[in-house]
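Peer 1: What follows is the residue order along each chain.
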Amino acid sequence: MNDGDDLLSTYQRGHHWCEMFGGDSAAADHTAAVRQRLGHLSLSDLIRRAEIAERELYNLGITFTVYSERDVIDRILPFDVIPRLLSPGDWGVIDHGSRQRVTAMNMFLQDVYHDGKILKDGVVPAELVLGNEYYREQMRGVAVPHGAYVNICGVDLVRDHRGRFMVLEDNARTPSGVSYVVENRHMMQRTFPDLMDEIGIRPVSNYGQKLLEAVSELAPEHVADPQVVLLSPGVFNSAYFEHVFLAREMGVPLVEGSDLFVEDDKVWMRTTAGPAPVHAIYRRLDDAFLDPEAFNPDSLLGVPGLFGAYAKGNVGLANAVGTGCADDKAVYAYMPRIIRYYLDEEPILDNVETHICGEPEGLAYTLGHLAELVVKPVGESGGYGIVIGPRATAEELAEVRAKIKADPSNFISQPMIDLSVCPTLIDGMIEPRHVDLRPFVVTGKDSWVLPGGLTRVALRRGSLIVNSSQGGGSKDTWVLEA
Amino acid sequence: MTFTSNRLLARYADCIYWLGRYIERAENLARILDVNLHYSRDSRGNQNWRSIVQLFADEEQFDAVYDVASYGNVVQFYVLDRDNPSSIATCVLAAKQIARTLRPLISTEMWTHINILNNTVSTWTAEDIKPSELSRICTIVKQECQTHTGITEGTFFRDQSWHFNLIGRMLEREDQTTRLLDMKYHLLLPPDQTVGSAVDISQWNALLRSVAGYHAFRREHPRGMSPEAVAGFLLFNTSFPSSFAICIEEIDENLGRLRSRYGLRAGTGAMELLDETRAALDSHTPQSVVAFGLHQFADYLQRQLISVNTEIRRDFCGALPTETM
Chain A
122 MNDGDDLLST YQRGHHWCEM FGGDSAAADH TAAVRQRLGH LSLSDLIRRA EIAERELYNL
182 GITFTVYSER DVIDRILPFD VIPRLLSPGD WGVIDHGSRQ RVTAMNMFLQ DVYHDGKILK
242 DGVVPAELVL GNEYYREQMR GVAVPHGAYV NICGVDLVRD HRGRFMVLED NARTPSGVSY
302 VVENRHMMQR TFPDLMDEIG IRPVSNYGQK LLEAVSELAP EHVADPQVVL LSPGVFNSAY
362 FEHVFLAREM GVPLVEGSDL FVEDDKVWMR TTAGPAPVHA IYRRLDDAFL DPEAFNPDSL
422 LGVPGLFGAY AKGNVGLANA VGTGCADDKA VYAYMPRIIR YYLDEEPILD NVETHICGEP
482 EGLAYTLGHL AELVVKPVGE SGGYGIVIGP RATAEELAEV RAKIKADPSN FISQPMIDLS
542 VCPTLIDGMI EPRHVDLRPF VVTGKDSWVL PGGLTRVALR RGSLIVNSSQ GGGSKDTWVL
602 EA
Chain B
438 MTFTSNRLLA RYADCIYWLG RYIERAENLA RILDVNLHYS RDSRGNQNWR SIVQLFADEE
498 QFDAVYDVAS YGNVVQFYVL DRDNPSSIAT CVLAAKQIAR TLRPLISTEM WTHINILNNT
558 VSTWTAEDIK PSELSRICTI VKQECQTHTG ITEGTFFRDQ SWHFNLIGRM LEREDQTTRL
618 LDMKYHLLLP PDQTVGSAVD ISQWNALLRS VAGYHAFRRE HPRGMSPEAV AGFLLFNTSF
678 PSSFAICIEE IDENLGRLRS RYGLRAGTGA MELLDETRAA LDSHTPQSVV AFGLHQFADY
738 LQRQLISVNT EIRRDFCGAL PTETM
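Chains as they are written, first to last, in my numbering: chain A, 122 to 603; chain B, 438 to 762.
Any given hint might turn out to be false.
To be verified - What follows is a set of in silico ranges between Cβ atoms, one per label pair, in the way DEER data are often shown:
hint, chain 1, residue 1, chain 2, residue 2, range
1, A, E172, B, D719, 34 to 44 Å
2, A, K566, B, R694, 37 to 47 Å
3, A, L518, B, T549, 44 to 54 Å
4, B, T549, A, S163, 27 to 37 Å
5, A, E172, B, Q583, 21 to 31 Å
6, B, Q583, A, D318, 32 to 42 Å
7, B, P522, A, A247, 51 to 61 Å
8, A, R512, B, Q583, 52 to 62 Å
9, A, D318, B, T549, 25 to 35 Å
Hints were generated in silico from the structure; no laboratory data involved.
The structure displayed is predicted, hence computed values, not measured ones.
Here a beta-carbon is modelled for each residue, glycine too, at the ideal position from N, C-alpha and C.
Throw the hints in and build the complete structure from the sequences for me.
Peer 2: Here it is as structure tokens:
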């Protein structure tokens, strides 16, 4: 195969929405130039460059770490060289919609940890929030700079067969993946400069500076030149590469718990010149491990006394403590109502239609359409306990029916979404594979969305699961200039 | 330069110091193995592999695992054996792990290079250390360690961490030089050989080549090879990169920079030790060292270096005094 548009000519998108070719009724005009250039590449050239890219990712150590009993294995997140393009119009929706969502989420957290109006008004069931395992009573009444609780948010979006973006999940604790967004771009710039020239792609390389700006805004106000640090659980964390990446991009020290200590409710780091003050911390450590005095007493990763310093306003933390009660699956279902409640606006990005079994209508609908729906327990993460109706056996359906009836408020249900696809190089062939998108919203005084995001791709044929632990890879995401 | 950019985490200072040491150690080890293969044969053409185990004072550990100090066992122990904390494979892996911790600090090029070097070394098997292959892989290790040093020189930001890295590298180099000198005089020479014999000369020759100093030595001493000349060269020469005098000067200079340029108040103990050591060196000549006893003198220098290491790590890095090299 060496001629012109042959490269994509055998590609069959099926009935899915395709990020490169659009849908049944809508062509993707914004990808025309890139499609044409891809067409001029030979398949063997594409394969060769993909191999170079893969090897380089490994050599650069852009890896996540997998631990087996004996070995420490560095794996790269498989990288697919065919980019995913977003038109300026689509990006506008994502940009506005994500910021709207984060704004509402922050107002929600501010409310929940102070007056609790939304709970009193019965918009969100109080027990859902106050009984949530990620709700932190210690945060009650603690002032958070600018009301910005969720400083870094990853909003997981999917696109249905009509090309509509919907939120599948919010990640408001310590979302990861942004390093791949930037590194994937660098990789494409090295291996496919000819594909990118003069296309007009919005840059992603200033993420670190934007993040530093936002985290600096969390430092005590009187500090003119705040010392920011990134707190990592250490080299054994699977996302360690990302911690390194971000610390470098921000130009701040990457510290571990043992590098910090608290004295008189102030945070210090141990340097060669003695203790130096720390004013704001981007922490990649869950709440539970942050401070053994305030949370999990067995944690060796955290800093004793850190929460006390934080509560007194002597150090900023990104994200704030206790944001997990806003990105929970059950609270997710209420996000459209939360947006309307605080902002008096319609959500720009819809949720995936969600039936809350804790409510009579949702329960009736779920039980009536069990075989068509995806049922999720609200308290679980990582895909545990999910029952996919159309793929479940009669016994499995009966079992989940009994569970829902026994404890309705522990379940939500959603229709099965047909995720959009993108042409992907698989075993020397170009085939459609399902993708999602995680844009990153950075919030200090204001919110900003990195123009791009992590496109994850399910490399197995037909699979809708994009997680790296289950055979997912990633693609460079190009937001086109308007 | 802003106030905050002057700061260096104590833990990073320790790591960057050890990165310097491990890379230097791997390079020296490769050099010693390679030289032993080529030059250090006795009159019957036999090589004394046991001497390498003695050089590193590893007899106890070696004997616990291996029955004889054969070529295969010794090379296995020093190249591939991951249970040996000083094998090439262990040093390179340790350097990689430290580099991983230090990724926020070191240049991307430094990290990438160490990562690739470790990927290479970790694929080596018994096949790669056969006599026909040993020189090839020793060359790879030497060249890659030197490449690391070159990349560091060209890309590493010269703040405090640069000085800690140099101090680590120089201390390790000194440790190796004094060790080699000590071993040669104390252990290499069999009792029935006399100083100046053919075997003796070939061993001094090997010693010089182990520190890449044979040709440099010849520039200073075109003819002959006496113990005094070689020992003097390794201890006192002020142009040879592995000489004790140069390394101690560099350590002193870098410690001084840390104190003057970065205002670090620690390190006085180490500076005093260095002054003391230099005074001892100044009070000797090559002849008097040999007359005094090369072993005793090398031993004294070794102990001083160990103390310098302890002082630096305790003062700057918060290490406990019981931690050893």
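Peer 1: Going back to the hint list, which numbers does this structure go against?
Peer 2: Violated hint: only 1; rest satisfied.
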